[in-house]
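Asker: The lines below spell out each chain.
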Amino acid sequence: MAAPTSRLSTIARRLGQALPALFGVIVVTFLLTRALPGDPAAYFAGPAADAKSIAQIRESLGLDRPLPEQFLLYLKDLARGEMGNSISTGQPVAEELIRRLPASLELTFFALLLSLAIAVPMGVLAATHPGKPIDHICRFIVTAGVSLPTFFTGLALVFVFYYLLGWAPSPLGRLDFAYVSPPTVTGFYVIDALLIGDLETAWAALAQLTLPAITLALFTLAPLARMTRASMLQVLSSEFIRTARAAGLSGATVLGTYAFRNAVLPVITTLGMVFSFTLGANVLVEKVFAWPGIGSYAVEALVVSDYAAVQGFVLSMAVLFVALNLVIDILYTLIDPRIQLDD
Amino acid sequence: MTETTLNAAAGLPEIDERSLGMRIKTQVKHIRYVLTSNPVTLLAFTLFVMIVILGIFGPWIAPYDPLATNASIALQPPSWSHWFGTDQLGRDVLSRVIVATRLDLLISVCAVAISFVAGSVVGSIAGYYGGWFDKISGRFIDTIMAFPLFVLAMGIVAALGNTVENIVYATAIINLPFYARVARAEVNIRRNAGFVQAAKLSGNSDARVLACHIFPNALPPMMVQISLNMGWAILNAAGLSFIGLGVRPPTPEWGIMVAEGANFIVSGEWWMAIFPGAALMLAVFTFNLLGDGLRDIVDPRQRT
Numbered sequence: 001m002a003a004p005t006s007r008l009s010t011i012a013r014r015l016g017q018a019l020p021a022l023f024g025v026i027v028v029t030f031l032l033t034r035a036l037p038g039d040p041a042a043y044f045a046g047p048a049a050d051a052k053s054i055a056q057i058r059e060s061l062g063l064d065r066p067l068p069e070q071f072l073l074y075l076k077d078l079a080r081g082e083m084g085n086s087i088s089t090g091q092p093v094a095e096e097l098i099r100r101l102p103a104s105l106e107l108t109f110f111a112l113l114l115s116l117a118i119a120v121p122m123g124v125l126a127a128t129h130p131g132k133p134i135d136h137i138c139r140f141i142v143t144a145g146v147s148l149p150t151f152f153t154g155l156a157l158v159f160v161f162y163y164l165l166g167w168a169p170s171p172l173g174r175l176d177f178a179y180v181s182p183p184t185v186t187g188f189y190v191i192d193a194l195l196i197g198d199l200e201t202a203w204a205a206l207a208q209l210t211l212p213a214i215t216l217a218l219f220t221l222a223p224l225a226r227m228t229r230a231s232m233l234q235v236l237s238s239e240f241i242r243t244a245r246a247a248g249l250s251g252a253t254v255l256g257t258y259a260f261r262n263a264v265l266p267v268i269t270t271l272g273m274v275f276s277f278t279l280g281a282n283v284l285v286e287k288v289f290a291w292p293g294i295g296s297y298a299v300e301a302l303v304v305s306d307y308a309a310v311q312g313f314v315l316s317m318a319v320l321f322v323a324l325n326l327v328i329d330i331l332y333t334l335i336d337p338r339i340q341l342d343d
Numbered sequence: 344m345t346e347t348t349l350n351a352a353a354g355l356p357e358i359d360e361r362s363l364g365m366r367i368k369t370q371v372k373h374i375r376y377v378l379t380s381n382p383v384t385l386l387a388f389t390l391f392v393m394i395v396i397l398g399i400f401g402p403w404i405a406p407y408d409p410l411a412t413n414a415s416i417a418l419q420p421p422s423w424s425h426w427f428g429t430d431q432l433g434r435d436v437l438s439r440v441i442v443a444t445r446l447d448l449l450i451s452v453c454a455v456a457i458s459f460v461a462g463s464v465v466g467s468i469a470g471y472y473g474g475w476f477d478k479i480s481g482r483f484i485d486t487i488m489a490f491p492l493f494v495l496a497m498g499i500v501a502a503l504g505n506t507v508e509n510i511v512y513a514t515a516i517i518n519l520p521f522y523a524r525v526a527r528a529e530v531n532i533r534r535n536a537g538f539v540q541a542a543k544l545s546g547n548s549d550a551r552v553l554a555c556h557i558f559p560n561a562l563p564p565m566m567v568q569i570s571l572n573m574g575w576a577i578l579n580a581a582g583l584s585f586i587g588l589g590v591r592p593p594t595p596e597w598g599i600m601v602a603e604g605a606n607f608i609v610s611g612e613w614w615m616a617i618f619p620g621a622a623l624m625l626a627v628f629t630f631n632l633l634g635d636g637l638r639d640i641v642d643p644r645q646r647t
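Taken in sequence, the protein lines are chains A and B.
With my numbering, you'll find the first sequence wraps up at 343, consecutive numbering, no jumps.
With my numbering, you'll find the second sequence wraps up at 647, consecutive numbering, no jumps.
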C-alpha cells in the first residue's frame with residue numbers, strides 16, 4: 001500500500017504533465033487562427049468592410065504586431081476567458097459555448113454510461129465463454145460498431161423509431177415544444193427536472209436523449225468491449241486466478257472480486273481514447289438530432305465561416321479532452337496502488 | 344496487392360537462411376491458409392476487390408448519369424428501373440452511390456498515403472537517431488493527440504479553407520501520429536540488431552541502413568496500420584463532408600448524400616440517406632475486417 005504522500009505527489013506530477021499538453025493545444029489553436037487564408041482582419045471585419053475599418057480591426061486584434069507578441073495577447077485574452085465575438089451572432093463566443101456546454105455533456109456522459117453498461121458485461125461474458133456464440137456475437141458487434149458512421153446510425157434509428165414505430169419523439173433538440181425547460185441547476189435537463197420533482201418533464205427530456213445517446217453508445221461500445229474482453233482473458237489465465245479457483249472460491253467470487261477488479265484497469269485507460277472519439281462523434285450526432293450543444297454550434301459556425309466561433313470550439317473541446325484525460329489518469333492512480341513515482 | 348506488398352515486406356526478415364523461393368512459397372501458403380481458414384477474411388478480401396473495381400470503373404458501371412436531373416421522377420422509392428430510388432431532383436441514387444466510390448476512396452487513399460510517408464519518415468528518424476529530433480517530434484505528436492481528432496480536423500479545414508484537398512490534409516494530419524508511433528517503435532527495437540551492425544560494418548551509411556535494412560522490417564505492422572486506418576480515414580472524410588465541409592453538391596459523395604437525404608428521412612423517404620450510408624458502412628467494415636485479417640497474417644499473436 002502506497003503512503004498517501006507519495007500518492008499525492010503522483011497526482012501532482014500528473015497535473016504537471018498535463019501542462020505541456022495544454023500549452024501545445026493553445027499554440028496549435030493560435031496558429032490555426034493565424035493560418036487563415038488571406039487576411040484574418042478582412043475575415044473578422046466581414047464582407048462589407050472598407051480598407052479603413054479593416055486596418056482598424058487589424059490594430060484592435062493586434063494583427064499588425066509580431067507573431068510572438070500576438071501570441072502573448074492571445075494568452076492574455078484567454079486568461080480573461082475572452083475568445084472573441086462570433087461574426088454571425090455578434091455574441092461573445094465564450095458565453096455561447098458555456099451556455100451550450102451542458103447539453104453536450106449531458107449527451108456525452110449519458111451515452112458513455114450506457115455504453116459502459118453494455119460493453120463491460122458483454123466483454124466479460126465473451127471472455128468467460130471464449131469460442132462460444134456469445135464470443136462471436138461480441139466480435140461481430142465490435143467490428144461492426146467501429147464501422148458504423150455515427151450520422152448514419154442516428155438517421156437509421158430516427159427512421160425506425162420515429163417514422164416507422166412512432167416510439168421516439170421528433171428528433172429536434174433536447175425537449176419537446178410542449179414542455180418548459182426546467183430551472184438550471186446542473187444544466188442537465190433530466191436531473192434538473194427530477195430536482196424540482198417534475199417527473200413528466202424529466203421523462204420527456206429522457207425520451208429526447210435516448211436516441212442520440214444510443215447512437216453515440218453504439219460507436220463507443222466497440223473499443224470498450226474489445227478491451228474488456230482482452231484484459232479479462234489475460235487476467236483469467238493468470239496464476240492468482242488459478243490459485244483462487246484451486247482454493248475452492250466460488251466462480252462468482254473469482255470473477256467479480258479477483259478477475260474483474262484487475263481487468264478493469266486497462267479499460268479505464270481506453271476511456272481516454274474513447275473520449276476522443278466521443279467528442280468528435282458528438283458533433284455529427286448533434287447535427288442529426290438538432291441537439292443544441294457546442295457541436296451543432298460549431299457546425300453552424302463552419303457553414304458561415306465564423307472563425308472565432310470555430311476556433312473557440314476547437315480550443316474548448318481540446319481543453320475538455322485534456323482535463324478528462326487528467327481525471328482518468330488520477331482515477332487510475334487512485335485505483336491502482338502499484339502506480340508509483342518511478343513508473 | 345496485399346500479397347505482393349507482404350512478400351516484399353517479408354523478403355527481408357532479420358534472420359532467415361532459407362532461399363527466397365521457399366520463403367515466398369511459405370508465405371503464399373500461409374496467406375492461403377489464413378484466407379481459407381477464416382471465411383470472414385476471404386469475404387473481406389472479395390468485398391475489397393469489388394470496392395476497388397467500383398472505384399476504378401464506377402462511371403462506366405453506373406446505369407444513369409449521376410448528375411442528370413429529371414423533375415418528373417423526383418423522390419421515387421426503389422423500383423426495377425431505379426434500384427435505390429431517386430432523389431429530390433430525380434437523380435438516380437444507385438448511380439450516385441457507385442460513382443461516389445472513387446471520390447471517397449481517393450480522399451482516404453491520398454490521406455493515408457500522406458500520413459504513411461510522413462509518419463514513416465518522422466518515426467524512423469526519431470527511432471533511429473533519437474536525441475533532439477525524437478524529443479521535438481514526440482512532443483509534436485503528443486500535441487496532436489491531445490485534441491479530439493475529428494474536432495482537430497474540423498479546425499484544420501476551417502483554417503486552411505473549405506476544399507477537398509484540405510479535407511485530405513486534415514485527415515492526413517490526424518492520422519500521422521499512429522504511423523509515426525508504430526514506425527518509431529519498430530525502428531527503435533532494431534537499431535542495434537545484429538543485421539544492422541553487419542550492414543553498418545560493410546560500409547553502408549546510416550541513411551542507407553535505415554531505409555534499406557531497418558525500415559523494410561518495420562513494414563508488416565505498418566501495413567496492418569494502413570488497412571485498419573483506411574476505414575477510419577473514410578469515416579472521417581465522410582463525416583467532414585456530412586457537416587458541410589469539403590465536397591460541394593452536386594458532386595456525388597457518400598457523406599454529403601447522407602446529409603442531403605437526412606432532411607427527407609423524417610417524412611419517410613429513407614432511400615436517399617440509407618443507401619449511401621450503407622455503402623459507406625460496408626466500405627469501412629471491409630477495411631476493418633481486412634485489417635484484422637492482415638494482422639492475423641502478419642502477427643498471429645495479436646489476435647483479439
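No lab work stands behind these hints, which were simulated from the structure alone.
It is possible that some hints are incorrect.
[As the list claims (entries may be wrong)] Computed Cβ-Cβ distance ranges for the label pairs, DEER-style:
(1) G16(A) - L432(B): 35 to 43 Å
(2) I479(B) - A55(A): 36 to 44 Å
(3) L199(A) - F400(B): 37 to 45 Å
(4) P121(A) - L449(B): 22 to 30 Å
(5) L410(B) - D77(A): 43 to 51 Å
(6) A323(A) - F400(B): 23 to 31 Å
(7) L172(A) - G473(B): 49 to 57 Å
(8) Q91(A) - L432(B): 33 to 41 Å
(9) P592(B) - E69(A): 38 to 46 Å
(10) S305(A) - G473(B): 50 to 58 Å
(11) S305(A) - A461(B): 39 to 47 Å
(12) H373(B) - S250(A): 39 to 47 Å
(13) L449(B) - L334(A): 43 to 51 Å
[Unchecked claim] Simulated coverage check for chain B against chain A, where a stretch passes if three residues somewhere in it have a Cβ under 8 Å from a Cβ of chain A:
(14) 387 to 395
(15) 625 to 637
[Unchecked claim] Below, a sample of chain A positions facing chain B; criterion: calculated Cβ distance under 10 Å:
(16) P20
(17) V28
(18) L78
(19) V303
(20) D306
Computed from a prediction, not measured in an experiment: that's the story for all the values here.
Every residue, glycine too, gets a C-beta built ideally from N, C-alpha and C.
Asker: Taking 43 to 51 Å as the stated bounds, is the beta-carbon spacing between L449(B) and L334(A) within them?
Answerer: 48 Å, holds
Asker: Is 33 to 41 Å right for how far apart the beta carbons of Q91(A) and L432(B) are?
Answerer: 37 Å, holds
Asker: Go ahead and decide if the range 35 to 43 Å is satisfied by the Cβ distance of G16(A) to L432(B).
Answerer: For G16(A) and L432(B) the Cβ distance comes to about 58 Å; the hint is violated.
Asker: Under 8 Å between beta-carbons, do enough residues of the stretch 387 to 395 of chain B, three at least, approach chain A for the coverage claim to hold?
Answerer: With 0 residues in contact (Cβ-Cβ under 8 Å with chain A), the coverage given for the stretch 387 to 395 of chain B is violated.
Asker: Within 36 to 44 Å or not, the Cβ separation of I479(B) and A55(A)?
Answerer: 37 Å, holds
Asker: Does L78(A) pass the interface hint, meaning its C-beta sits closer than 10 Å to a C-beta of chain B?
Answerer: Constraint on L78(A) not satisfied, violated at 16 Å.
Asker: Using 10 Å as the Cβ threshold, decide whether P20(A) counts as touching chain B.
Answerer: For P20(A), the interface hint holds, since the closest Cβ of chain B sits about 7 Å away, which is under 10 Å.
Asker: Using the C-beta atoms of P121(A) and L449(B), is the stated range 22 to 30 Å upheld?
Answerer: 41 Å, violated
Asker: Cut-off 8 Å, C-beta pairs, minimum 3 residues; does the coverage of the stretch 625 to 637 of chain B by chain A stand?
Answerer: holds (count 5)
Asker: Is 23 to 31 Å right for how far apart the beta carbons of A323(A) and F400(B) are?
Answerer: Given about 49 Å between the Cβ atoms, the range is violated.
Asker: Within 39 to 47 Å: is that where the Cβ-Cβ distance between S305(A) and A461(B) falls?
Answerer: 28 Å, violated
Asker: So, V28(A) near chain B? Judge it on the closest CB pair being under 10 Å.
Answerer: 6 Å, holds
In this structure, the earlier hints numbered 1, 3, 4, 6, 10, 11, 14 and 18 are contradicted, and the remaining ones agree with it.
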